[in-house]
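Enquirer: Below, each chain spelled out in residue letters.
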Amino acid sequence: MTKPSESQKNYIRTVRRRRRTVQFMRLFLFLFFVVLWEVAAEFSWIDSFIFSSPLRIAKTAWQMLQDGSLTMHIGVTLSETLISFALVVICGILLAILLWMLPMVSEILEPALVVLNSLPKSALAPLLIVWLGANIKTIILAGMSVAVFGTILNLYTCFSQSSPEKEKLIYTLGGTKKDTLLKVVLPGTVPNILSIMKVNIGLCLVGVVIGEFIGARRGLGYLIIYGSQVFKLDWVLMSIVILCVIAMLLYALLGRLEAACLKRL
Amino acid sequence: MSELLEVNHVSYAYHSIDGETETLADISFHIKEGEFAAIVGPSGCGKSTLLSLICGLLKPEKGEILLDGKSIAGEKERIGYMLQKDYLFEWRSIYSNVMLGLEIQKKKSEKYTKRVDQMLKDYGLWDFRDVRPSQLSGGMRQRAALIRTLALQPELLLLDEPFSALDYQTRLSVCEDIYRIIKKEQKTAVLVTHDLSEAISMADRIFVLSKRPAEIKKEIKLDFNMKERTPMQVRNAPQFRDYFNLIWKELNEHD
Numbered sequence: 001m002t003k004p005s006e007s008q009k010n011y012i013r014t015v016r017r018r019r020r021t022v023q024f025m026r027l028f029l030f031l032f033f034v035v036l037w038e039v040a041a042e043f044s045w046i047d048s049f050i051f052s053s054p055l056r057i058a059k060t061a062w063q064m065l066q067d068g069s070l071t072m073h074i075g076v077t078l079s080e081t082l083i084s085f086a087l088v089v090i091c092g093i094l095l096a097i098l099l100w101m102l103p104m105v106s107e108i109l110e111p112a113l114v115v116l117n118s119l120p121k122s123a124l125a126p127l128l129i130v131w132l133g134a135n136i137k138t139i140i141l142a143g144m145s146v147a148v149f150g151t152i153l154n155l156y157t158c159f160s161q162s163s164p165e166k167e168k169l170i171y172t173l174g175g176t177k178k179d180t181l182l183k184v185v186l187p188g189t190v191p192n193i194l195s196i197m198k199v200n201i202g203l204c205l206v207g208v209v210i211g212e213f214i215g216a217r218r219g220l221g222y223l224i225i226y227g228s229q230v231f232k233l234d235w236v237l238m239s240i241v242i243l244c245v246i247a248m249l250l251y252a253l254l255g256r257l258e259a260a261c262l263k264r265l
Numbered sequence: 001m002s003e004l005l006e007v008n009h010v011s012y013a014y015h016s017i018d019g020e021t022e023t024l025a026d027i028s029f030h031i032k033e034g035e036f037a038a039i040v041g042p043s044g045c046g047k048s049t050l051l052s053l054i055c056g057l058l059k060p061e062k063g064e065i066l067l068d069g070k071s072i073a074g075e076k077e078r079i080g081y082m083l084q085k086d087y088l089f090e091w092r093s094i095y096s097n098v099m100l101g102l103e104i105q106k107k108k109s110e111k112y113t114k115r116v117d118q119m120l121k122d123y124g125l126w127d128f129r130d131v132r133p134s135q136l137s138g139g140m141r142q143r144a145a146l147i148r149t150l151a152l153q154p155e156l157l158l159l160d161e162p163f164s165a166l167d168y169q170t171r172l173s174v175c176e177d178i179y180r181i182i183k184k185e186q187k188t189a190v191l192v193t194h195d196l197s198e199a200i201s202m203a204d205r206i207f208v209l210s211k212r213p214a215e216i217k218k219e220i221k222l223d224f225n226m227k228e229r230t231p232m233q234v235r236n237a238p239q240f241r242d243y244f245n246l247i248w249k250e251l252n253e254h255d
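Going down the list, the protein sequences come from chains A and B.
Under full-length UniProt numbering, the letters of the first sequence match residues 1 to 265, in that order.
Under full-length UniProt numbering, the letters of the second sequence match residues 1 to 255, in that order.
No lab work stands behind these hints: they were computed from the structure.
Derived CB-CB ranges, DEER-like: (1) B:Ser96 <-> A:Glu110: 32 to 38 Å; (2) B:Ser134 <-> A:Ala134: 50 to 56 Å; (3) B:Gln233 <-> A:Ser5: 44 to 50 Å.
By construction, the Cβ of each residue, glycine as well, lies at the ideal position given by its N, Cα and C atoms.
The following block holds chain A by itself, in its conformation from the complex (with noise of 0.2 Å):
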């Protein structure tokens, strides 16, 4: 290989420039942020009663941990939105392959499952507990019912906007649409699949809390409400900060995993 010339080692150098500064930038704001907070609280301007503090969250976080209880309540949330996202990703792979299969009943569907994918899920919540009773089901079923519409209604663009000249090529070679399932759609829309599933397992947690605050007696959704029914503010902003770090988690998760089938392809 040449040298890289004198123009080309500027270029690098500027695009290392500015990502440093962009991660330093990043690192600022957070910690500005968090410091602010907690002068803030230290010298009163803010009521630390009903907004808390970095270090009374802290101290909160580690005596729970200590009684095992926030272990419990993160625990419980984070195993019913991975429950509810496989459940997404099986239902939605499934449904969107049948409608995929029966064009004519897609049409008869497409309206329903737009209303459903619009409406507020929050709203069937509380009928999901009358019905269903207050229990993880629910929970997780609330969970779904936030992502599972969506999925299904992009999964099957995806599957119908798939090449139809690749899928004459199956037809030419005498295969039948089962095969141009197998062999085209199917594998074509892995990178579209992969990436709908990044955002849906977010909102499965976002169903799953919605599910917490009103059905539940364990979880960081539970946390939230009663601590807020209590005024034990520590507790819901501490909750709040958990979920961003599990939301964080979840989808940097996903990434990798992505990026690691993608690589694979």
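Starting from the known structure of chain A, fit chain B onto it as the hints suggest.
Expert: Only chain B this time, still in chain A's reference frame:
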């Protein structure tokens, strides 16, 4: 030589809510075994439709299409179709791309795979069998696509403007390659194209279609007095220009 393909009084129309488009009107022609036929015509005249009919993807509204005297409905396996683009799947290696047809028809027996291996070796793709399609040149991709079609060992090969997606340089050499392969494998071929020189350089016989609804306007038998013809040699032959002008006039004659 016996007639391999018979197209008898075939007509076809596309239907939509806004009305019907009569595409083919009473097309008849016969093609002998081992022959290389070309069908030329103005764009949008239904050339591709005709190929889709011959390979059984569409059903004619009137008329019949026979292979060896039998209706093509039961003889689909004996017909290979090569599309305008190679449509190699990026998520498969070249080898698994050319095996696609065998995989679909569950014919991955030694009898077929050995033939595929041999073709890959003969036509310069053996060393590339494990790479992804994007790493091949346009010409190599087209050869891979042809092997994918030939893997099923069809007797009749349908070529639907197989070079139209390539740039001119590549096109000439791929045309040469594909012609050599088809002749070596002793296949009967029907080529559809709007490129007159391409049709003349490869075909033994040319059918000129009219505008929609298409009929066969003229049939021209080509003879270059060569023992072993190749598309390039034909392009340089003195008769080439005469045939070109003849067909050109035929296509541009407004009736």
